[in-house]
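Whenever a hint applies, use it, and build me the whole structure from the sequences.
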Amino acid sequence: MKVVNLLAEVDMEKCKGCKTCEKVCPVIAIKVENKKAVVDAERCRGCGACEQRCPFHAINMVKLKQPVLVKVDVSTVNYSDVIELCRGAKLNPEQIICYCTATRAEEVAAAILQGAKSPEEISFLTGVRTGCKVECIQPVLRLLESAGIKPEPPKRGWQWYGRTVTVWDIPEEVKQKYASRGFYFDEDIKLLDEVVSAPLQGRRNTDASSN
Amino acid sequence: MRLPIKPIPPRESQYGIAPSLVKKRVSELPGMTSVSLKELFPDLPEVIFPNEEGVAVIRKATEKALQKVDMSKIKPEHSVNILASHHGFTLLGGEPYAEMLKTIKDVIEGRTGCKNIRLRAGVGLRFRETEEYIKRYGLDEYFNGKAIGVAPIDEGIPIETEVGTLYGIRKIYDADWIVHAHNSDVREVHFHRQVDRAVKPFGMSYARIETRSTYHQNLGPRAANFTARSIFDSPFVQSKFAFASFLTMAPNGIIGVDADNDLYALNDRVTQTGCLYYGKIMTLFGEIDECIAALDFPCPVVYVFSAGVIYANFAGANTDLFDLDMPLPAYTWYTEAFYGKAGRPLLKDIPPINPAIKMCVHNYAWTGYPSAFFSEHIPTVVVGQQQADLFDRDPQNLTYMKNAVVAESTESAMDFAYRTTGTRKVIIFDGAMSGINVSEPMAELLIKKAPAVSERVDNELLPKWLKQRGVDLSLLK
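In order, the protein sequences belong to chains A and B. If you're matching positions, the first sequence starts at 1 in my numbering and goes up one per residue. If you're matching positions, the second sequence starts at 1 in my numbering and goes up one per residue.
Derived by calculation from the structure, the hints in this document are not laboratory data. Watch out, some of these pointers could steer you wrong.
[Claimed, not checked] Some chain A residues judged to face chain B by a derived CB distance under 10 Å, without partners named: (1) C18; (2) I96; (3) T166; (4) F183; (5) F185.
It should be emphasised that the depicted structure is a prediction, and the values quoted were computed from it without experimental measurement. We put the beta carbon where it would ideally sit given N, CA and C, even for glycine.
Put into structure tokens, the structure is as follows:
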């Protein structure tokens, strides 16, 4: 969930049509047309990625007169499916996966259950990845994978490249090799497994144990 | 009681309010004093900076440290990227780090004849931060127009590691050789847990979002920094790595410059000094029973400094951040993620945010880092409506002000804090060099507690911390 209160605005005098903005936008809300960047105001989630990376300082973030609430209502989907999807991604449904918007795994799972098939669509629907733009791509990819979806990165974009290793995937020989150097792989697996199966706070106990 | 130490001045930045809006520093208020870190811990090392000569000593120390470094692989026709990170520019005003970077360039040029030397300066979550520093310290001119800031959403490059593909920032690696120019300040102990501290930027400020998300979401609180090691150990990075040069830090200043072709040898030294010197300050901070924490430094909320310790670590000072048997600090992103919908931790043994912090007075700190967790869990007073408005505009902090109140002035914020908390103990995170700015009752507490803390760290905690990290205990002798 995110309250979008900013909108990217292009200074046409400064814009050189370099397409950097296009390549970094997490919701594909800005495109270069006729050598100038054009913002789709309905899609923009106000993250400022374009403004922060434009080499010509041609983008300003302006305050929206009427902020927009972006949210997927978890109650519109079967919560058992949400739990299944989250647990498949080794996430607790109530776990926060976006620190900037405090979006929980359950909301992203609900977006996927409603039909979202890519990180871009998920970000558009939930606001996840539109705060710092850095930290939450992996849980989004893990949740998509749990739903059997393998999205393709945007062509010629820099939005994201791929799913990476989790602690559960670390090969045993790697664990052994670095065992004495302070990396607590197995202990962290135990901890994260406990989190995954921890009781839910926002629902009745029967729901929490329904998987 | 000593006079307060002059704090680091406010900085012009797009991430903070204009310096002219910072009307009063907390250390200027009545009842504030300072404690010398050497007075608290006489065994802290002698420092080369701050000093009366300024950054000239940093140049000399860098030149001396680089004498032992083998640069024979770098040929005149090659290109070299000196890799920097934003953190270094927040240390002691930033000039020492900038001077080390300039000196590295000069020494490489002088010793190898290589002229194509670039500066690539990585960031955290404020993508233009190092652009600001490059201008401030004249680095663009010094590097002949070849100094740029790079961000984790810039074009990436896949790096094959022993745990699969991870991703670096293409412009970090677009030279024949890379030089890792960093510092040993412990900074985010809650994240790296002083495991491979010296390697961390390879998984962070030199890395793409996929890698950073791996660190903070996929590996767990004590395995996280393996992300950095796996990238650094990759054949690709090893084929480019020339050497590392670090400002070596203690809470009271810069001890010297350490340089090495072997990053892991340097890493072991950094682990030892980090645990020893910062371990004492952090353990002492854990002895504070109640306080008002005042933020007053040109950095995001989590990164404001006191005695070399950042506020994020003070928020977890009720736990031993160096003890790897303790899985989750009171504050780290994994911990934050594990708070359920009722606002309680999902696991019962997750420690609360340091209960000694009765209130936070946010006199001056920047946006550009998700900080709402702090105002949710610690009563927070923000000074000035302009500062509150800035947080409301920050995509990373849209709910920070939801749980914070605004005071008109530093004085009224502190009066409110004194009245409502009932404590007169104040610790100020304002980057004071060589000491800590505090209120008089806090100074008395720290001075009283320090000797026992020192003894406990030396005899009990330090040996345990180093053993957990596989560092040779004979280094202690």
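Hint-by-hint comparison with the structure:
1. C18: It is violated, given that the least Cβ distance between C18 (chain A) and chain B is near 12 Å, above 10 Å.
2. I96: The hint holds - I96 (chain A) has a Cβ within 10 Å of chain B, the shortest such distance being about 5 Å.
3. T166: 4 Å, holds
4. F183: This hint holds: F183 (chain A) lies near chain B, its Cβ roughly 5 Å from the closest one there, short of 10 Å.
5. F185: This interface hint holds because 5 Å falls under the 10 Å limit.
In summary, the one numbered hint that this structure violates is 1.
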